[in-house]
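2 protein chains.
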Amino acid sequence: MAVYTDINEGDLKAFLTQYDAGELLSYKGIAEGVENSNFLLHTSKFPLILTLYEKRVEKNDLPFFLGLMHHLADRGLSCPLPLPRKDGALLGELSGRPAALISFLEGMWLRKPEVKHCREVGRALAAMHVAGEGFALKRPNALALEGWKGLWAKSKDRADEVETGLEEEIGNELAFLAAHWPKDLPQGVIHADLFPDNVFFLDDELSGLIDFYFACNDFLVYDLSICLNAWCFEKDGAYNITKGMAMIEGYQSVRPLSEAEITALPTLCRGSALRFFLTRLYDWLMTPAGALVVKKDPLEYLKKLRFHRQVATSAEYGLIR
Amino acid sequence: MAVYTDINEGDLKAFLTQYDAGELLSYKGIAEGVENSNFLLHTSKFPLILTLYEKRVEKNDLPFFLGLMHHLADRGLSCPLPLPRKDGALLGELSGRPAALISFLEGMWLRKPEVKHCREVGRALAAMHVAGEGFALKRPNALALEGWKGLWAKSKDRADEVETGLEEEIGNELAFLAAHWPKDLPQGVIHADLFPDNVFFLDDELSGLIDFYFACNDFLVYDLSICLNAWCFEKDGAYNITKGMAMIEGYQSVRPLSEAEITALPTLCRGSALRFFLTRLYDWLMTPAGALVVKKDPLEYLKKLRFHRQVATSAEYGLIR
Numbered sequence: 001m002a003v004y005t006d007i008n009e010g011d012l013k014a015f016l017t018q019y020d021a022g023e024l025l026s027y028k029g030i031a032e033g034v035e036n037s038n039f040l041l042h043t044s045k046f047p048l049i050l051t052l053y054e055k056r057v058e059k060n061d062l063p064f065f066l067g068l069m070h071h072l073a074d075r076g077l078s079c080p081l082p083l084p085r086k087d088g089a090l091l092g093e094l095s096g097r098p099a100a101l102i103s104f105l106e107g108m109w110l111r112k113p114e115v116k117h118c119r120e121v122g123r124a125l126a127a128m129h130v131a132g133e134g135f136a137l138k139r140p141n142a143l144a145l146e147g148w149k150g151l152w153a154k155s156k157d158r159a160d161e162v163e164t165g166l167e168e169e170i171g172n173e174l175a176f177l178a179a180h181w182p183k184d185l186p187q188g189v190i191h192a193d194l195f196p197d198n199v200f201f202l203d204d205e206l207s208g209l210i211d212f213y214f215a216c217n218d219f220l221v222y223d224l225s226i227c228l229n230a231w232c233f234e235k236d237g238a239y240n241i242t243k244g245m246a247m248i249e250g251y252q253s254v255r256p257l258s259e260a261e262i263t264a265l266p267t268l269c270r271g272s273a274l275r276f277f278l279t280r281l282y283d284w285l286m287t288p289a290g291a292l293v294v295k296k297d298p299l300e301y302l303k304k305l306r307f308h309r310q311v312a313t314s315a316e317y318g319l320i321r
Numbered sequence: 001m002a003v004y005t006d007i008n009e010g011d012l013k014a015f016l017t018q019y020d021a022g023e024l025l026s027y028k029g030i031a032e033g034v035e036n037s038n039f040l041l042h043t044s045k046f047p048l049i050l051t052l053y054e055k056r057v058e059k060n061d062l063p064f065f066l067g068l069m070h071h072l073a074d075r076g077l078s079c080p081l082p083l084p085r086k087d088g089a090l091l092g093e094l095s096g097r098p099a100a101l102i103s104f105l106e107g108m109w110l111r112k113p114e115v116k117h118c119r120e121v122g123r124a125l126a127a128m129h130v131a132g133e134g135f136a137l138k139r140p141n142a143l144a145l146e147g148w149k150g151l152w153a154k155s156k157d158r159a160d161e162v163e164t165g166l167e168e169e170i171g172n173e174l175a176f177l178a179a180h181w182p183k184d185l186p187q188g189v190i191h192a193d194l195f196p197d198n199v200f201f202l203d204d205e206l207s208g209l210i211d212f213y214f215a216c217n218d219f220l221v222y223d224l225s226i227c228l229n230a231w232c233f234e235k236d237g238a239y240n241i242t243k244g245m246a247m248i249e250g251y252q253s254v255r256p257l258s259e260a261e262i263t264a265l266p267t268l269c270r271g272s273a274l275r276f277f278l279t280r281l282y283d284w285l286m287t288p289a290g291a292l293v294v295k296k297d298p299l300e301y302l303k304k305l306r307f308h309r310q311v312a313t314s315a316e317y318g319l320i321r
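Taken in sequence, the protein lines are chains A and B. Here full-length UniProt numbering is used: the first residue of the first sequence is 1, the next is one more, and so on. Here full-length UniProt numbering is used: the first residue of the second sequence is 1, the next is one more, and so on.
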């Protein structure tokens, strides 16, 4: 639930004069997204999303995020499109925060995605990877190996509060991943956070991808490993190989995986499970009791991590040769 | 910030088949209202508000609230209109909660209302009182004298935690109001919560009143006393008589006050200040530290109450004869 900064009408109207967006009719804070404040605007022209970027987002990264959305939309990917100001800038300022107006994408995220949706997500992820080619800006992945080590250094002394033995288990995992992380897979722009709440559907058709605020440059197949973690496990913790198969098939129907990518997939799945485990663990330990944030359980990702540790080859994810 | 109950697309679509509302295109939880869960829906026909009534709202009161909105809208008041189901019912059920679809009203609530807006609010309040005539259902005001006594009984032992001496001061105030509360003023349907966030404006024109979930039968001029408390004090706690004058003038331009109402106004202002003081005090004392609710400061209304205690006649609120 996210409205950290309230805005008043006068400031908003002044902000809107910098755009060709029509007359303001209404604005409502919306309870989605956890990093920024988001408002749904109705104007005489079209509905819009107004995003105010809060402190957790690095201001220097905003041109990458907004430019990427433009680049992807230009290449036919259905994603929110930042509305340029009359002076051409994609980024403005409102209520003391960097702010952008972004096209409103109709569609709904699925609370209970099914196999067919996983196939669509695989396809869309690959389409995004292809569309991202040629994007000029770069952003290193702040939540890759070095970032994990930093998070772990800040959490490990208290990790056993969450489950006894965690300090040793995660320390070993990090050492394994540091030693076995692949070095030479195909790279490009990845979404890095393509969870169900970031994919919209209209009926059973995928209508768009949103929330590019973790996007960065990394191994493309690492993005697929994030999606396998985010979409293909059931509530009881079991991996659903039918979903995994559909997602990988969907992905390969647009961008076939190389032999090296297929071999690396189990290690990358361990890495992405660890990545979400570590950010959740950190938030879990550091968020003051009763803050206005719903804490996500880090143990969900610990279970996934343990599953991946048992996986020998990508066939176990449903990859068919 | 209010989304207490999440809904999934399947349930929502099944719910919508009971209405003639077009195809669902999107729904977003909105961060407004504190009692219920609210979603903004886009359909192929029109935008709508979906409200899920949470436990704090008495289910037996819903026909009063929804029927009242219908009654007022039928008589030309600009307020949200419940969309009837195909079977004529105004109330349905979704995700285990009573639920209603309500027309979306364009407009914005003012973070910094000015004198001219207070005049419009006075006019609209009186227009609502007139439009409410003939509404068949009744709902006693649960937050009148007896309700205040009940709240006070649950809070008074801890009142001095908030400010020393409060237990005695508020005890005396309640005794005064019980002895001097008027008995024979004009009654009707009142809004009972017409704060700035419940009044929408488009430019400087009032575009509608919302949130009728405290509406009830009581003295009409008591509603005006609530609005004087809610709109006519500045952030520093000072009463702005220019705003009060405009609001009372606006009210009387539609429904002139009787001599008895004018005489009673200072006592009613004490009552309404006490009413909001008591609910805020109760929430302040009872809400667990760190719950997902922003606690409003009860002392704001203690200051207003003390101001009203010094008022001798309605002229001090800006009422001109």
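Keep in mind the hints are simulated off the structure, nothing from the lab. Treat the hints with caution; some may be incorrect.
No copy is singled out in the list; a pair is fine if it fits within one copy or between any two copies.
Unchecked claim - Listed below are the simulated DSSO-like cross-link pairs for lysine-lysine, each with C-alpha atoms no more than 30 Å apart in a straight line: (1) K112 / K86; (2) K183 / K45; (3) K296 / K55; (4) K116 / K45; (5) K183 / K55; (6) K86 / K138; (7) K55 / K235; (8) K55 / K149; (9) K13 / K45; (10) K59 / K296; (11) K59 / K303; (12) K116 / K13; (13) K156 / K183; (14) K55 / K154; (15) K116 / K86; (16) K13 / K112.
**Request:** Give me the numbers of the hints this structure contradicts, sorted from smallest to largest.
**Result:** Per hint list: 2, 5, 11 and 15 violated.
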